[in-house]
Amino acid sequence: MQAMMIARAKELLESGAVDRVLGWKTGEFVYDVTPAVFTSAEELDAGFVYDEFCGPNLSKYLISESRKGGKVLAFLKPCDTYSFNQLLKEHRILRENVYVIGVACEGKTDGEMLKAAGIKGITGIRSEGGSLVADTLYGEKTVKKADVLHERCLCCKSKKHVVYDELIGEEGEPDPGCGRFDMVEKIEAMTADERFAFWRGELSRCIRCNACRNVCPACSCEKCVFDNDASGIAQKAAADDFEENMFHIIRAFHVAGRCTDCGECSRVCPQHIPLHLLNRKFIHDINRFYGEYQAGEDTDSRAPLNTYSTGDVEPSIVYEKGGNR
Amino acid sequence: MQVNESAKQFKPTIVAFCCNWCSYAGADLAGTNRLNYPADVKIIRVPCSCRVNPMFILRAFQRGADGVILCGCHPGDCHYTTGNYYARRRMTLLFSMLDYLGIEKERTRVEWVSAAEGAKFAATMNEFVETIVRLGENKRLGDLRCKQ
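Chains as they are written, first to last, in this note's numbering: chain A, 1 to 325; chain B, 1 to 148.
Hints are supplied without guarantee of correctness; some may be wrong.
Stated by the list, open to error - For lysine-lysine, the following DSSO-like pairs were computed, each having C-alpha atoms within a straight-line distance of at most 27 Å:
1. Lys186/A <-> Lys105/B
2. Lys147/B <-> Lys42/B
3. Lys236/A <-> Lys147/B
4. Lys160/A <-> Lys144/A
5. Lys89/A <-> Lys159/A
6. Lys25/A <-> Lys10/A
7. Lys236/A <-> Lys139/B
8. Lys160/A <-> Lys145/A
9. Lys186/A <-> Lys139/B
10. Lys159/A <-> Lys145/A
11. Lys120/A <-> Lys25/A
12. Lys223/A <-> Lys89/A
In case anyone wonders, no lab produced these hints; they're calculated from the structure.
So that you can see chain A by itself, here it is in the shape it has in the complex:
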């Protein structure tokens, strides 16, 4: 797969069809894969990787990359294409400057989870059926994929590329039965006190590094409401837990109806807060109240919060029935 991608990128660079290539390169460790731009065949040979650790979503980088002049080649995984399509819909990416190659994905591995599973000193990884074989300093180790995949990959909503110029690998299909709302429903079934305790436990760990905001493809405002120092919620407040609630509610609300559920927020969280559960709550509510909607699936439908119908449910549904709808 990686060799095919490098070969195709070199072809396109050589023919002058593209000027830059947006892909991934290995960071300090093999599991620290980071997005990178390559401009020559030598650079591609030296640094380009596509392996089990290529979790980062490249779509957000295309906002600036598509405006730098010349054409950029981007390798996008299925979930990245949803974000890409959503950004196209919002006129954030200049489509004519991007050449998209869709690449197949069988779920990406979480380096932290591998370490938690006791696999240390990793020097390489490969996928064999339902298992991953990791080369480590202490010999080969095998681990079940289900134990170390990112949460979003365990219940992958779709393996279909919604937008591409060409594909490498096989095209997949959306999976409506992926069970991604199971945890949301479990929380909804708790009592209010239990829910409060659950979220206090999660959100109080937040250190306000803003990584979730910075990585989110839907959160791409030039100027952010949280960067206002006078707001009282621009940084971690030691005095009270209000700031945690405010930041996380508003962060999720600002992307409600536009969040494609790519799961980047939870992936980058250094404190392992399940932030996707907030986004999924909004997605689940939108699906239940206003009909099934998948952000990023197309570029012409209206976002649920950007439209209305005269027969919408009244907000009273919340205080009459509460979580158990």
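Following the hints, put chain B in place on chain A, whose structure we already have.
What follows is chain B alone, placed relative to chain A:
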């Protein structure tokens, strides 16, 4: 020493966002009709119910509100034709999220009050204040930094 019973009683702070065209006029009508509703309700006039940003609601709680109610024109009667339809979707999602985070779901409410419904305005406020008094102080979404 005598303890004043009435001083111990919980006095809630209720913030009511009222749209300029219907609900604010409805509140006015309640006043001119001499209908009683508690003075704990602080009315904030907004041009339209859809002017209310989710942050307004959270800010109100931060600054010490025990309950927040949003009043607007009845769906279909918006002065700007469609504003309250958007507000309805936003508030449904926001309130559902607050409930999801374990904030008491009775603390937030949306009511449609027209300019002719002074009586409904007073009745709604009486009922809402009663609910909040029963719930007690807002402890889950307040901010210590804003306490006097």
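Inset, instruction - Could you tell me which of the hints above the structure violates, numbers in ascending order? - result: none
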